[in-house]
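Enquirer: What follows is each chain in one-letter form.
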Amino acid sequence: MTWTLLYLRARRVPLALAAAVGGGAVVWGLCLAFAEDPDVAPTVVVLTVVLMVAALAPTLAGPDENLERTGSLRWPWRRAAHLLAGLAVVLVVLLATLPTEARFGPAALVTRDAAGLLGLTALCATVFGAARSWFLPLGWTTVAALYPQQGTWGAIATWQGQSTDTRAATWTAAVLAVGGLIAYSLAGPARRDPSE
Amino acid sequence: MSILGVELRRSAALGAALITVVIGVGALYAATGRWSGGWMALAMTIREYLLLLWPLALMAGAWQGRREHRAKVGELFASTPRPPVRRMLPVLVAMACTLAAAYLVVTVAGLAWIVTTARYLPLVNFVVVTGVGVLSVVAAAWLGLGVGRLLPALVTVPALGVAGVLLVGVGSLVPPDRVAAAISPVHGTSLFHDYQTIDSRVSGAVAIWMVALAVTGLLLFVAAGRRARLAAVVPVLLGLVAATAVVPHDQDVLNWPVDPVARELVCTDDTPTVCVSRVHAGVLDAVTPPARDGLAVLAKLPNAPRAVHEDTGVVGFGEDRATPQEGVVTIDVRIDRRGRLAHPAAVVPEIVAGLGVPYDGKCRNRHAATERAAASWLLGREPRSDVGVVPGMLAEDPELNAEAVTLWQRLRRLPEGEALARVTAVRDALLVCEDPVGILSGSAG
Numbered sequence: 001m002t003w004t005l006l007y008l009r010a011r012r013v014p015l016a017l018a019a020a021v022g023g024g025a026v027v028w029g030l031c032l033a034f035a036e037d038p039d040v041a042p043t044v045v046v047l048t049v050v051l052m053v054a055a056l057a058p059t060l061a062g063p064d065e066n067l068e069r070t071g072s073l074r075w076p077w078r079r080a081a082h083l084l085a086g087l088a089v090v091l092v093v094l095l096a097t098l099p100t101e102a103r104f105g106p107a108a109l110v111t112r113d114a115a116g117l118l119g120l121t122a123l124c125a126t127v128f129g130a131a132r133s134w135f136l137p138l139g140w141t142t143v144a145a146l147y148p149q150q151g152t153w154g155a156i157a158t159w160q161g162q163s164t165d166t167r168a169a170t171w172t173a174a175v176l177a178v179g180g181l182i183a184y185s186l187a188g189p190a191r192r193d194p195s196e
Numbered sequence: 001m002s003i004l005g006v007e008l009r010r011s012a013a014l015g016a017a018l019i020t021v022v023i024g025v026g027a028l029y030a031a032t033g034r035w036s037g038g039w040m041a042l043a044m045t046i047r048e049y050l051l052l053l054w055p056l057a058l059m060a061g062a063w064q065g066r067r068e069h070r071a072k073v074g075e076l077f078a079s080t081p082r083p084p085v086r087r088m089l090p091v092l093v094a095m096a097c098t099l100a101a102a103y104l105v106v107t108v109a110g111l112a113w114i115v116t117t118a119r120y121l122p123l124v125n126f127v128v129v130t131g132v133g134v135l136s137v138v139a140a141a142w143l144g145l146g147v148g149r150l151l152p153a154l155v156t157v158p159a160l161g162v163a164g165v166l167l168v169g170v171g172s173l174v175p176p177d178r179v180a181a182a183i184s185p186v187h188g189t190s191l192f193h194d195y196q197t198i199d200s201r202v203s204g205a206v207a208i209w210m211v212a213l214a215v216t217g218l219l220l221f222v223a224a225g226r227r228a229r230l231a232a233v234v235p236v237l238l239g240l241v242a243a244t245a246v247v248p249h250d251q252d253v254l255n256w257p258v259d260p261v262a263r264e265l266v267c268t269d270d271t272p273t274v275c276v277s278r279v280h281a282g283v284l285d286a287v288t289p290p291a292r293d294g295l296a297v298l299a300k301l302p303n304a305p306r307a308v309h310e311d312t313g314v315v316g317f318g319e320d321r322a323t324p325q326e327g328v329v330t331i332d333v334r335i336d337r338r339g340r341l342a343h344p345a346a347v348v349p350e351i352v353a354g355l356g357v358p359y360d361g362k363c364r365n366r367h368a369a370t371e372r373a374a375a376s377w378l379l380g381r382e383p384r385s386d387v388g389v390v391p392g393m394l395a396e397d398p399e400l401n402a403e404a405v406t407l408w409q410r411l412r413r414l415p416e417g418e419a420l421a422r423v424t425a426v427r428d429a430l431l432v433c434e435d436p437v438g439i440l441s442g443s444a445g
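Protein chains in written order, with the working numbering: chain V, 1 to 196; chain U, 1 to 445.
Treat the hints as calculated values from the structure; they're not laboratory data.
Beta carbons are placed, not taken as given, at the ideal position from N, Cα and C, and that holds for glycine.
Take the hints with a grain of salt, since some may be wrong.
Unchecked claim - Which chain U residues face chain V? A few, computed with CB under 8 Å, are given here:
#, residue
1, L51
2, V73
3, L76
4, L150
5, V155
6, A159
7, G161
8, V162
9, L167
10, V170
11, P176
12, L379
13, G380
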């Protein structure tokens, strides 16, 4: 138990969790207060998902990755568990809104985007480091959510903003999710100097 | 000056400006057809892309605002006897200048595309709309600097980015429209017709709101104590109240207002007269020959129309169709992605299609097959489907054209004078909104 607590503290999880859940709660509150339709607009749902994922992104690496790797622990399993726990946080928070008057749904959309974006973020963390891992997911998702494109290639390029019955978008998200999970679990976050 | 130079090199300013230019120009040139129509279309489309650029400036500011925390020099700087404002000023100026320049570079890059084709330049309005855009990105950067310094956590930057998208994007949709117009620089910038503009009172309100946000960012950035940080909330509240007070109440002024000068007709000097709106004046020379060809085809009819005007109505935006003028055919003028006349081949069919009788939106007695058969007889060719000829026509019932061909063949077998009399009868029926069915197919006599 001590190990888990220390791990969570080293990864600044309490702050990230507060930001992710708090950010989701603020958007939910605003939708509850101002939106006339109880089903929140898909664009807002996608942006909320990317907000929560980006808030969790800095936890993907500790303050000193080089030091952390010297611990003789089974890091791959722990990294995978970390990612899956992050996915669980996003899903639990957003799916908990389904019985309320501001629904962040459908569940398939939330699941696809949360999994795909977490995978993409993990992939970026292995390449650019955790501190910069949210750049690409956030930028890509903003464009994709605001200007979704037609056609198979358009659906792949803007998979975050597609409707849930778009197969190409689902496959893209699945590839990113699985690829990110495997790459991050095996390789871990990129090594940077510990100032970040 | 050298401090500013150092800040330019060391801060996120140049990088942010570069990304702004790349995203802005990329977004513009990904869909040139949206803004090839003219100067205002360009200015408003760039304002619409603040959806991407505004959160970007906000994030760049926040990234930069975390710098002292990241470098762990807060305590060191606090011990120096130099006022903090002197230390902050260069980075504020650097961020503001580079982002403003980036916005202007995006504008110039767009102008390069349209400068040869766009004739109508409402200079004041263009400068105001662009100026509010510049002010918006500067305000976003300063607000980001302030928030980044206030909350120097890593998570602040992405959270601000999403908050920025929601503020300018979703904020432009939230009812009531008056609040949306005041708080979102994107509100009212999506183009729904070619004569669209932004009312200067709306621009004024956005400017007030953005100045308020910039002042808040400035206060947060230089504030030392908790009281000063609390005071930073005051400008936001004042700005919101002032901006919503300035915004006009009239719904038609808030959403997609028409620039009356852009909509005025510009005509050819010689007859037969062809007129297009001032914003489309650049394509008048291209419209005139096919439009006159169309009039020449109609001239076989007695009392044929003698002029072609652009249909400058903006239906569905709180306006009824203008009552058709006697002796004038109205056509749509469309601009292609290069700023030239789009679908020039559609001009003649469009003029001849209704036999020169404009559709007033009320008459229910129009009959497409009869009109097409009569128009084809005038043109001297077999009736063809509108698909591929009339822009935007994607599909039509094949029976419509089959019926038109049958009517046209019957018409062709008649003597010239009799056929012309029947086509004229169809035209006269359309003019007074009587049912034209049966005029063409009736037995000779």
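Enquirer: Take the hints in turn and mark each one as holding or not.
Expert: Status of the hints after comparison with the structure:
1. The criterion of a C-beta within 8 Å of any C-beta in chain V is met by L51(U), whose closest approach is roughly 6 Å, and the hint holds.
2. With its C-beta approaching chain V no nearer than about 12 Å, V73(U) sits outside the 8 Å limit, and its interface hint is violated.
3. For the restraint placing L76(U) at the interface with chain V, the shortest Cβ-Cβ distance is roughly 15 Å, beyond the 8 Å limit, so the hint is violated.
4. With a least beta-carbon distance of about 14 Å to chain V, the hint placing L150(U) at the interface is violated under the 8 Å criterion.
5. At its closest, the beta carbon of V155(U) sits 4 Å from a beta carbon of chain V; the interface hint therefore holds under the 8 Å criterion.
6. Contact between A159(U) and chain V, as hinted, is supported at the beta carbon level, the nearest pair being about 6 Å apart and thus within 8 Å.
7. Evaluation of the G161(U) hint against chain V yields a held restraint, the C-beta minimum of about 6 Å falling below 8 Å.
8. At a threshold of 8 Å, the smallest CB-CB gap from V162(U) to chain V is about 4 Å, leaving the interface hint in force.
9. At a threshold of 8 Å, the smallest CB-CB gap from L167(U) to chain V is about 10 Å, leaving the interface hint violated.
10. Because the smallest distance between the Cβ of V170(U) and any Cβ of chain V comes to about 6 Å, under 8 Å, the interface hint for this residue holds.
11. Of the supplied interface hints, the one on P176(U) is violated, with its beta-carbon coming no nearer than about 10 Å to a beta-carbon of chain V, more than 8 Å.
12. With a least beta-carbon distance of about 36 Å to chain V, the hint placing L379(U) at the interface is violated under the 8 Å criterion.
13. The closest approach between the C-beta of G380(U) and any C-beta of chain V is roughly 40 Å, which is over the 8 Å cut-off, so the hint fails.
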